[in-house]
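**Q** Residues per chain, in single letters:
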Amino acid sequence: MAALTARQRVGWTAANVVVILLALIPVLWLVSLSFKPPAAVTDPTYWPSQWTWGNFSGILTSSQFLRPLVNSIGIGLISTLVSVVLASMAAYAVARLSFPGKSVLIGLALLIAMFPLIALVTPLFTIERALGLFNNWFGLIIPYVAFGLPLGIYTLSAFFREIPWELEKAAKMDGATPFQAFTMVIAPLAAPGMVTTAILVFLACWNDFLLAISFTSTVSSRTAPAAMEYFSGGSVFTTPTGPIAAAAVVITIPIIIFVLFFQRRIVAGLTSGAVKG
Amino acid sequence: MSTVTPDTGTAASRVPAAGAHRRRVPLSEGARADRRLAFWLVAPSVLVMIAVTGYPLVYAVILSLERYNLELPQQTKFIGFANYSAVLSSPFWWQALWVTLIITVFSVGITLVLGMLLAQVLHRTVFFRGGIRTISLIPYGIVTVAASYSWQFAWTPGQGYLSAAFNNSAPLTSQVQAIIVIVLAEIWKTTPFMGLLLLAGLSLVPDDLLKAAKMDGATPWQRFLRITLPLMKPAILVALLFRTLDSFRIFDNIFILTSGNNGTASVSTLGYDNLFNALNLGIGSTIAILIFICVAVIAVIFILGFGTAAPGSDNGTR
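Going line by line, the protein sequences match chains L and V.
Quick note on numbering: my numbering labels position 257 of the first sequence as 257, and the sequence is numbered without any gaps.
One rule links them: number in my numbering = place in the second sequence (from 1) + 1000.
If you're looking for bench data, these hints aren't it; they were derived computationally from the structure.
Note that the coordinates shown come from a computational prediction; the quantities given were computed from them, not determined experimentally.
Among these hints, one or two may not hold up.
Sample of chain V residues at the chain L side, in silico, Cβ under 8 Å [claimed, not checked]:
no., residue
1, Val1052
2, Ser1085
3, Arg1124
4, Ser1150
5, Trp1151
6, Gly1158
7, Phe1166
8, Ala1170
9, Val1205
10, Pro1206
11, Leu1245
12, Phe1251
13, Ser1268
The beta carbon of each residue, even a glycine, is placed where N, CA and C say it ideally should be.
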């Protein structure tokens, strides 16, 4: 791309600026609202003229938000861990072993990835109430794992295919035990794919709203996105704009961190299964 | 599925890694060990996926054939297809289906065009490349509900910058305008995903080919239509399939922006309302099954369109 003319350069730079602005304006609007004092919320200017931490200190001392935040983190981490472990096993089989029913497994994963969630809410709601899983961490973890698995199997089997598995044999030839060969040769090669998959699965769990509002009824297991619906304003007639905006900012922070540190990985993970597969 | 039949003897030869070629037995030790291992590795995932989707789906079919209201549990009884005729003759279902289809067609269509532009920008950007990819990933990663609130507040009269910019309008209170806002929110959220999938397809287009065409006097537009687009077809179809099915189950944005009021309910919010507000498990399950059938039809149409490029068709040999 060395032969860009000055005009082309200006054009592409302008395009970049447009992309950045379009991506950031709605996010910065939430930041702006979260710092506006309650009296200024009804002022439609984009940027606050006065700044306050009040909305943040309000939600971060209220169990209406803190408990759901803890639930979101706990449920997200457990679901991610279980999904990645189970998906790694299945993806290893898909990438390395020959067995009957492999394409059935891939088809099943694809089917579940496309499943309309609402179609499961009604029966799962009934089943979870009967099993005592309703309004319980496990009532969300189990479906999150099930929906994390297709994503995990797809992404991980794409990554696992790229690993030069001959290295394992070479290490054994050089006198490594199978355990050493695995921990010192294969595991470091597999780690990037597993981290990527873990991020994608965690983001999916962190983002879920439909299952979270359907299978919970109190703050003891409600997750953060679902909890924002239940914030209360100063009176029945006022929307708690400031607290909702502050909560939205808080649950966006982990995403910004992931994206900042793992941008390359996330892009690779999102596209690995889709293009080659 | 080339290695299904267990006792042909060819199965063993297809597993060179197993390294058990000493005897020409129907299935070598190594291959059999492979299968055993594969079975145990795959079993937990398959069990979880079937327990959470397969069983409830069957259960939903049963519920959809019953009159079952949580407020009147003693009147529960098998009523055949009465729920289906009730839903299919209800204007609410057809309106929700239309709204969902309109939102899907517009948001996916516009996202495809914008995603293609974004992919071109990301592909050409030389400096600040990582930065722009990072920033364009934010809409993809942000919690949908958080983004929906941003749009809702922005379009609230007397409070939002967008409402103020459009003469203090209240678009969320009228059907057509609310649907436009919902479509805009969907486009903002999903364009980066589309752009990244298309970017991956774009990077498969060899630069030399484009240069050669340029030498031969092809205009940029001709190069795009005749070279880039045909080579990207598989990537475009995959991206379209994912986005269409995802868009068809739209729930979060509508729930936050309008709660499905003013004729903006989608099939998903309609199903949710029947379950949690009307507590009607029978009707709710019927809607669930109908949505499932719609999604299956869309998927089949796409997969027929894919031909051999279908995801997974090539997986057994790769």
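**Q** Evaluate each hint against the coordinates.
**A** For each hint, the structure was consulted:
no. : hint    : in the structure
1   : Val1052 : holds, 3 Å
2   : Ser1085 : violated, 19 Å
3   : Arg1124 : holds, 5 Å
4   : Ser1150 : holds, 4 Å
5   : Trp1151 : holds, 7 Å
6   : Gly1158 : holds, 6 Å
7   : Phe1166 : violated, 11 Å
8   : Ala1170 : violated, 12 Å
9   : Val1205 : violated, 12 Å
10  : Pro1206 : violated, 15 Å
11  : Leu1245 : holds, 5 Å
12  : Phe1251 : holds, 5 Å
13  : Ser1268 : holds, 4 Å
In this structure, the earlier hints numbered 2, 7, 8, 9, 10 are contradicted, and the remaining ones agree with it.
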